[in-house]
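Please build the complex by placing chains B, C and D on the supplied structure of chain A, with the hints as guidance.
Protein chains in written order, with the numbering used here: chain A, 1 to 261; chain B, 1001 to 1261; chain C, 2001 to 2366; chain D, 3001 to 3366.
Among the clues, some could well be false.
[Claimed, not checked] List time: in silico DMTMM-like cross-link candidates among lysine to aspartate or glutamate, alpha-carbon distance up to 25 angstroms: (1) C:K2305 x D:E3175; (2) C:K2169 x D:E3236; (3) D:K3169 x D:E3236; (4) A:K175 x D:E3138; (5) C:K2169 x D:D3165; (6) A:K175 x D:E3107; (7) C:K2169 x C:E2030.
Since the hints were made in silico from the structure, they are not lab data.
Letter by letter, the chains look like this.
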Amino acid sequence: MRKYLLPVYAVAFFTFLLAPVLALTIGSLTEANYVSFPPEGLSLRWYMKIFAEQESMYALIMSLGVATAAATVATAMALPTALALHRYRTPLNKVVYLLVMTPAMLPAVFLGLAFLLFYSALGFGGTPLSLVAGHIMIATPFAVSMNMVGLASNDGALERAARSLGASPIMAFRKITVPSISWSLFAGWGFAFMISFGSLEVSLFLSTSTMVTLPVQIYTGLEWSPLDPSLTAVSSGLVIVTLTVLILTARFVKIDRFLQR
Amino acid sequence: MRKYLLPVYAVAFFTFLLAPVLALTIGSLTEANYVSFPPEGLSLRWYMKIFAEQESMYALIMSLGVATAAATVATAMALPTALALHRYRTPLNKVVYLLVMTPAMLPAVFLGLAFLLFYSALGFGGTPLSLVAGHIMIATPFAVSMNMVGLASNDGALERAARSLGASPIMAFRKITVPSISWSLFAGWGFAFMISFGSLEVSLFLSTSTMVTLPVQIYTGLEWSPLDPSLTAVSSGLVIVTLTVLILTARFVKIDRFLQR
Amino acid sequence: MSYLSVQSLEHSYGSVRVLDHVSFNVAEGERLCLLGPSGCGKTTTLNAIAGFVETDGGRVVVRGEALTGLPPEKRNIGIMFQNYALFPHMTVFENVAFGLRMRREAEASVCDRVTDMLRLVKLSHAAKRFPKQLSGGEQQRIAFARAIAIKPALLLLDEPFSNLDARLKVEMRNELLELLRPLKIATIMVTHDQEEAMAIADTIAVMRRGRIEQMGSAREIYRSPANLFVASFIGESNVLEGRLRSVASGVATVDAGGVGPVMARHSGGLRSGDHVQIIVRPEDIRVGTRPACGTCAATNRFEAKLVDVTFLGNRTVIRTQIGEAPMVLSGDEQFASSLRGVQRGQSVYIDWASDRGLIVKKEEAQ
Amino acid sequence: MSYLSVQSLEHSYGSVRVLDHVSFNVAEGERLCLLGPSGCGKTTTLNAIAGFVETDGGRVVVRGEALTGLPPEKRNIGIMFQNYALFPHMTVFENVAFGLRMRREAEASVCDRVTDMLRLVKLSHAAKRFPKQLSGGEQQRIAFARAIAIKPALLLLDEPFSNLDARLKVEMRNELLELLRPLKIATIMVTHDQEEAMAIADTIAVMRRGRIEQMGSAREIYRSPANLFVASFIGESNVLEGRLRSVASGVATVDAGGVGPVMARHSGGLRSGDHVQIIVRPEDIRVGTRPACGTCAATNRFEAKLVDVTFLGNRTVIRTQIGEAPMVLSGDEQFASSLRGVQRGQSVYIDWASDRGLIVKKEEAQ
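Extracted from the complex, chain A is given alone in its bound form (with noise of 0.2 angstroms):
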């Protein structure tokens, strides 16, 4: 009985929770023109709908973009960080860490009005450049803590057996490391371009009127009209993406190791 007690507390407490995110995808399925739960009726109209819709279009197509440049930048960017901070400690190297860190620690408004401002000082302020730029910045941490992750459980003596079997650093790094690790720039990536993709707060600050990422799309629909049945079809689009990146990358993290540790 006790036994039961607590996953079931735990899953009645969740599925309330989330009841919100079925409810409202659900609830786009109606035939009316406004959200409803129940849903009056069942169809996909809505979720036609938007493939005709050229703006939903183009912000899923720019988020994308943004999305993979930013992933793929941060998880290059990341690769030597969390080397250097994995390979050597000094006191430099906490500094290292925290300075890392900060853009996943500070609230993303503050950083969405600092990098519009500066990015505007700098005079590409309002350019595609910004927007990848403010979405690498946030994005970065969570690459770099993925790779770091990979290099603590990569055990060192492997690099050292290449070493003294005659391989170079680089050779050794590129021939033993690299493949042991390889999991890790691949969820490391994974998780950037999620966090990437479902930023809103340093998007709304970036993007311009032609520039415009699927989250800010649904935040300006929203303002227009809230019940918008299309919408929601639209931010399922966002969930769709997330969700299939977050399964591939969990496979490559194994998320089982994490749970059961």
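Chains B, C and D alone, transformed into the frame defined by chain A:
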């Protein structure tokens, strides 16, 4: 030489990326009526001004209140959930874990929209309760994962030892387990607080004209006058609270452990 | 009726049989050791007695009362955990007092009892320290004091020395024995270390795959192992395989493949033609550079090839081969000195008395 | 000139002296073992030779060439790592081939050499498997094959058996020895296990706190330890403390506190009145229920109190006390059988020949 390359690279890179934050903060020390870098003269006038501004102070207090409430409820919910997840290794367990973590994985825009529609449908949209409920939702996963780290690092033999010495399950939990994992309760609360305090997305959807949190205040202020230095000063309030909680929390988590493992 | 009686415990995790009708008795003041490799079920047995595992079948009876269904806190069993499991946020005093306070004893009597316990383990001066301020050996003594402070009906020791280094192990073993002896408390210890088991226990139960393979004193188990598993788990052994040729009372002759006829004792139940194994302990074989005297008829004598001689301090190990069968000999320095000058690969002569070999039935591969 | 010469290595981490003028030579084909407790500097010495640690001073010379400043990949040293460090994403074949491919050898000769190596370690059939598909013992053999495939000038073994259980340890030890012997390669092994060291090495260097305390064969170190640290690190020992009364050539008399005069051998450098320790190995003491013959003048004879007798299978340990001084004896079963019927606390008579005790100067507490 090679030894110093990586940290130098990392510092340079992140200093550049963090420059906006510094520029914004320093720029707000200006005497002029707009943020500029370098600042025109140095003064704290814009910081002084916000203490006189009723809306900003109100937003700060609102944010503190919401974050405190959300973090507290999230922590209270997180402990039994984490216990259940830690103790029972059933297939159901994995489902619960994924459910619990969902709010941290899904884009906040989507969640915000879902909350807005659902809570409105339930008839308490636009109330302080709906704002707090949304924040609880996004803060809970962080409290849960921190508690799970705490439980995982807790030696189960301690509880068994207490039982063998005559303690009932409840006594063993209170006298032995809770003290052993108290750091993770504190740290989980701190993380939940930070998430709630810094969140713009969910608040944007759930706040009304009479319930404005600090991030919302900053964002709406920006739409009105982007280069107002008092806006920057307000966002400093956000940063200061966040960093204070972060530092207090980090004392519990012992960030070194995470850095060095 | 015995003090503690464990009756036919059964337990499975999924399709894995962890305990397969485990039964044994422990008398008052007796020290029993469950010995076996990891996964043999010894820890599950301990947990079943302690109440941490609900078995699928069987029961545990202490002084005539079945413990079945009682939660651990109602069993009055003292446990010394493998990692000691001292409460890190409590002082040494509070750790030892914990069980008494859970029993709502008056604070004055708690204080007296804890003081007595700390004096017993010679750590009175450490009462106010926290566990992590103590050495491994001191932590163990506190764990012991905490376990016996509640005057338990039974004491369980879970791999008590596994966290100590080799040298400290022997020291703590002797210390624990000195503490245990005057208490005269029924004790069950779990270990995978044969030497620990032999040093501490009155009776050893060797377990494998959830079953007790043999129970007896250290000497019985070492000298008359029930099968090859027990023989090789307790001490080293040479094994010769063959078919039984003839059986006399207590002694039988085996045609050992590639070696020839070997005589050894047996404990009955064998027939001519059986597949058997002969177990000979390394220290029971003598060696020399000439054949042993021909008059001792009951002795097994072979010419063997010297593989190597290894000096290991308190003993010297000589590896030889009879044909293809390896035979390892061990003895003191003097024993090896007779081989001085013999080169690797040369012939030596080894022999052992027929009562030094033991015939057991060959187990089917599992 | 020796094949490998390690000359006065010095190293510190912060204020901790890790290596304090470590020097030794290894001849071609010799097996040297660095033995000591954790933190004694043995692993740092190995890493300094391999090139993973740049020492503050000293040098390593192989065949007359100093390795100083050379990175690990230019040293041509084969290393078998403690956890084997097999590359998990490569097959067994690729693992063994790695060093050869880094040397840009032709693929055909790589293939030949790897095939030879796998045949040597009897794992030809496992060429296409991945390391995690192999047992611990098989992984070790692959690690060995990989280390020697590059025909190294020197072979380093870092705690080679620490990951194996007790039984497999002995087996793998013999196996490694069989592989090493015909190779005749200079080998340095690091271990904290005295038995491993004695079984594998020609020469043992016992280290403590960054220094080599004693170097010699297993027998030299066991029989004539330089000090109490070495004596108690290699094997068990009884220690009696006292002041030197008189010194004759090779033999001296000590007034051991609470025991009386004890005669033992010494290696010189002592004076009357010195604080000394007498080391007696447990297996060198005889025991009986009556005093030993009075005619053997050079023998130390004492009446002692029996503490207990423990049967440990291949040996029996008898604990006694002379006054307050504990004396532990060990021997075979027969040796203990003479005490049958003697109760704990009763008197027994122990004696040992004066050349079985060794006098060493008492070290100052550090």
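**Report entry** Violations among the numbered hints
**Finding:** none
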